[in-house]
Amino acid sequence: MQGFSHFISSGDLVDPPLEGGSWSNSREEEAMSCIDRFLYTTEWEDQFPNIIQRRLPWLLSDNFPIILECGQIQWCSPRYVLANKLKALKADLKKWNVESFGNVAVKKTQFLIGLAELDNVAEGRPLTVDEKLEKERTVGELEKMILLEEIS
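Just so we're aligned, residue 1 is where the sequence shown starts under the numbering used here, counting upward by one.
What the hints contain is simulated information worked out from the structure, not anything from laboratory work.
Possibly wrong hints are sitting among the right ones.
Restricting the straight-line Cα-Cα distance to at most 30 angstroms, the calculated cross-link-like pairs of lysine-lysine (DSS-like) are [unchecked claim]:
no., residue 1, residue 2
1, Lys108, Lys94
2, Lys132, Lys90
3, Lys95, Lys132
4, Lys107, Lys90
5, Lys95, Lys85
6, Lys107, Lys95
7, Lys107, Lys94
8, Lys90, Lys135
9, Lys107, Lys132
10, Lys132, Lys144
11, Lys87, Lys108
12, Lys107, Lys144
13, Lys144, Lys108
14, Lys107, Lys87
15, Lys108, Lys95
16, Lys108, Lys132
17, Lys132, Lys94
18, Lys144, Lys87
19, Lys108, Lys135
20, Lys90, Lys108
Ranges of calculated distance between the beta carbons of each label pair, as one might list FRET restraints [what the hints assert, rightly or not]:
no., residue 1, residue 2, range
21, Gly102, Gly71, 47 to 57 angstroms
22, Ala88, Thr128, 42 to 52 angstroms
23, Asn50, Lys85, 22 to 32 angstroms
24, Leu93, Glu143, 19 to 29 angstroms
25, Asn84, Leu118, 43 to 53 angstroms
26, Ala122, Asp92, 40 to 50 angstroms
27, Gly102, Phe4, 49 to 59 angstroms
Every residue, glycine too, gets a C-beta built ideally from N, C-alpha and C.
With the hints as constraints, model all of the structure from the sequences given.
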């Protein structure tokens, strides 16, 4: 830590205060530290006098993303950019899943109902060849739906 502090001071870099707090490990005995940070030169600070380093809402890790606001210009930490891209991907994957496979839970329920109906018929009489084939097909489709549900 001393080496990093020496690097900051010897490079004449500015380590602005972080608005909104720092990192927390969310355990019973909480530890706090500032892992991510922006550093910039004093010349840069002269060009952008209203620089604010701010903590953003927690998204995916045990670390809060940060943003550097410089008036009209903003830089986000790579973690924040990645988290937002992953959220967008999740929404796209859900849409693709429904479009490609339909509503898996509804299909699974329909196959369970069909299987229960065939089982009820089998309690009263032997199944016909067609009914046995239908039961095999239904069991196979039900297994697919269970696997798709597990995957999604």
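Structure-based check of all given hints:
1. Lys108 / Lys94: Within the cut-off at roughly 17 angstroms; holds.
2. Lys132 / Lys90: violated, 40 angstroms
3. Lys95 / Lys132: violated, 35 angstroms
4. Lys107 / Lys90: OK: Lys107 and Lys90 at ~22 angstroms, within 30 angstroms.
5. Lys95 / Lys85: holds, 15 angstroms
6. Lys107 / Lys95: Between Lys107 and Lys95 the Cα gap is close to 17 angstroms, so the pair holds against 30 angstroms.
7. Lys107 / Lys94: Answer holds: Lys107 to Lys94 is near 16 angstroms, not above 30 angstroms.
8. Lys90 / Lys135: Roughly 35 angstroms between the alpha carbons, so the hint for Lys90 and Lys135 is violated.
9. Lys107 / Lys132: holds, 20 angstroms
10. Lys132 / Lys144: Given that 30 angstroms is the threshold and the Cα spacing comes to 19 angstroms, the pair holds.
11. Lys87 / Lys108: The hint holds at about 27 angstroms.
12. Lys107 / Lys144: Holds - the C-alpha atoms of Lys144 and Lys107 are around 10 angstroms apart, at most 30 angstroms.
13. Lys144 / Lys108: holds, 9 angstroms
14. Lys107 / Lys87: With Cα atoms ~26 angstroms apart, Lys107 and Lys87 stay inside 30 angstroms; holds.
15. Lys108 / Lys95: holds, 18 angstroms
16. Lys108 / Lys132: Distance ~19 angstroms between Lys108 and Lys132 Cα, so the pair holds.
17. Lys132 / Lys94: violated, 35 angstroms
18. Lys144 / Lys87: holds, 27 angstroms
19. Lys108 / Lys135: Roughly 14 angstroms separates the two Cα atoms, so the pair holds.
20. Lys90 / Lys108: Holds: Lys90 and Lys108 sit about 22 angstroms apart, inside 30 angstroms.
21. Gly102 / Gly71: 47 to 57 angstroms: holds, 49 angstroms
22. Ala88 / Thr128: 42 to 52 angstroms: holds, 51 angstroms
23. Asn50 / Lys85: 22 to 32 angstroms: Roughly 28 angstroms apart at Cβ, these two residues keep to the hinted range, so it holds.
24. Leu93 / Glu143: 19 to 29 angstroms: Taking Cβ atoms as reference, Leu93 and Glu143 lie about 23 angstroms apart, which means the hint holds.
25. Asn84 / Leu118: 43 to 53 angstroms: Since Asn84 and Leu118 have Cβ atoms about 48 angstroms apart, the given range 43 to 53 angstroms holds.
26. Ala122 / Asp92: 40 to 50 angstroms: Given range 40 to 50 angstroms: holds, Cβ gap about 43 angstroms.
27. Gly102 / Phe4: 49 to 59 angstroms: Roughly 54 angstroms apart at Cβ, these two residues keep to the hinted range, so it holds.
Checked against the numbered hints above, the structure violates hints 2, 3, 8 and 17; every other hint is satisfied.
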